[in-house]
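4 protein chains.
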Amino acid sequence: MGMPVEFNTMIVTKGKEERIEENIFRLEKEGYRIYPLDIPMDVRKTKFGEKSGTAEVQKLEWSNGRTGITYKLTSLHSTN
Amino acid sequence: MGMPVEFNTMIVTKGKEERIEENIFRLEKEGYRIYPLDIPMDVRKTKFGEKSGTAEVQKLEWSNGRTGITYKLTSLHSTN
Amino acid sequence: MGMPVEFNTMIVTKGKEERIEENIFRLEKEGYRIYPLDIPMDVRKTKFGEKSGTAEVQKLEWSNGRTGITYKLTSLHSTN
Amino acid sequence: MGMPVEFNTMIVTKGKEERIEENIFRLEKEGYRIYPLDIPMDVRKTKFGEKSGTAEVQKLEWSNGRTGITYKLTSLHSTN
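Protein chains in written order, with numbering that gives the first Met the number 0: chain A, 0 to 79; chain B, 0 to 79; chain C, 0 to 79; chain D, 0 to 79.
Derived from the structure by calculation, the hints contain no laboratory data. Please read these numbers as outputs of a predicted model, since none were measured by experiment. Do not take every clue at face value.
Heads up, the list lumps identical chains together, so a pair's fine if it works in one copy or across two of them.
As the list claims (entries may be wrong) - DSS-like cross-link-like pairs, simulated, lysine-lysine; straight-line CA separation at most 27 angstroms:
{"id": "1", "residue 1": "K50", "residue 2": "K71"}
{"id": "2", "residue 1": "K46", "residue 2": "K58"}
{"id": "3", "residue 1": "K28", "residue 2": "K13"}
{"id": "4", "residue 1": "K13", "residue 2": "K58"}
{"id": "5", "residue 1": "K71", "residue 2": "K28"}
{"id": "6", "residue 1": "K71", "residue 2": "K58"}
{"id": "7", "residue 1": "K44", "residue 2": "K28"}
{"id": "8", "residue 1": "K15", "residue 2": "K50"}
{"id": "9", "residue 1": "K71", "residue 2": "K46"}
{"id": "10", "residue 1": "K13", "residue 2": "K44"}
Please construct the entire structure, taking both the sequences and the accompanying hints into account.
Here you go:
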């Protein structure tokens, strides 16, 4: 009877993000997930990988067992 | 730094719902709110009023400090 | 990196509750779970069973991947 | 009818922590708050202050409108 939800404190893209606008991206994930909105958060390509940038989540959508995450990339972390 | 969220276990419409389709409605509320999805839930017009029906939330959208709730009314509670 | 949490809208005891005081009980469950506090909620012995009473959760404790739920049984649902 | 909860992604002590054991501290806060458990998290003395260390939350307790947070300080951030 319970509803499982996952709290997340960073965005892990796994390279599945879609560019919506210049620095706005959208990502879809399995399950219902909560990311703090409007707060700077680390972005990584893989869970244990390097930080690739900083973003703020602008929108979360839950339906059909999936979460849509729209985020604004505010800075890129270059590793050169 | 924290993000306030409100857990809700029933839908209180305050008469602000919009009909999207036959038995599908959408409601917008201030703040970020969690309603269990895909679970039968009471619908009321006012917080302390009578139950007006039963619904299942199909979609939640969080953005700009507001929550959009799309629900399917599965039964109406007639009080005659 | 995410933390799974389960939202619950009723208490399912599976007969594992321990009586702490007269009408105060404590139940331990696997995983991290959220129950609304200080709100009347249905109590059932099994997920799909009959309602056995009404309770209010007074305390939640999360540690070591488990949730402790202390609740006050406010009414018993007799089925005679 | 909703229950407000605050998601937190860092520990802000405001100097109100109590030492329980060597590197174990306990903090009490107003309201019901969620901190990810068993995950390294920044500790700050004030919301906009410098990071003072890293900790992992070991236990959360919710009751009477308050949250008890027990955390293990895993590293101290010296600013010399």
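Okay, the hints, checked on the actual structure:
Both within a single protomer and between protomers do K50 and K71 lie at most 27 angstroms apart by alpha-carbon distance, with minima of 15 angstroms and 25 angstroms respectively. Proximity of K46 to K58 under the C-alpha cut-off of 27 angstroms is found in both arrangements, the shortest distances being 21 angstroms within a copy and 24 angstroms between copies. In this assembly of identical chains, the alpha carbons of K28 and K13 lie at most 27 angstroms apart only when taken from the same copy (10 angstroms versus 33 angstroms across copies). Taking identical chains as interchangeable, the C-alpha atoms of K13 and K58 lie at most 27 angstroms apart whether they share a chain (19 angstroms) or sit on different chains (25 angstroms).
Taking the closest pair of Cα atoms, K71 and K28 come within 27 angstroms of each other both inside a single copy (17 angstroms) and across two copies (24 angstroms). For the homomeric pair K71 and K58, the shortest alpha-carbon distances inside one copy (10 angstroms) and between copies (22 angstroms) are both at most 27 angstroms. With identical chains, the CA atoms of K44 and K28 are at most 27 angstroms apart within one copy only, with a shortest distance of 14 angstroms there and 34 angstroms across copies. For the homomeric pair K15 and K50, the shortest alpha-carbon distance inside one copy (16 angstroms) is at most 27 angstroms, but the shortest distance between copies (32 angstroms) is not.
Within a single copy, K71 and K46 get their C-alpha atoms as close as 19 angstroms, and across copies as close as 23 angstroms, so both meet the 27 angstroms cut-off. For a Cα distance limit of 27 angstroms, the shortest separation of K13 from K44 inside one copy, 5 angstroms, qualifies, whereas the shortest one across copies, 34 angstroms, does not.
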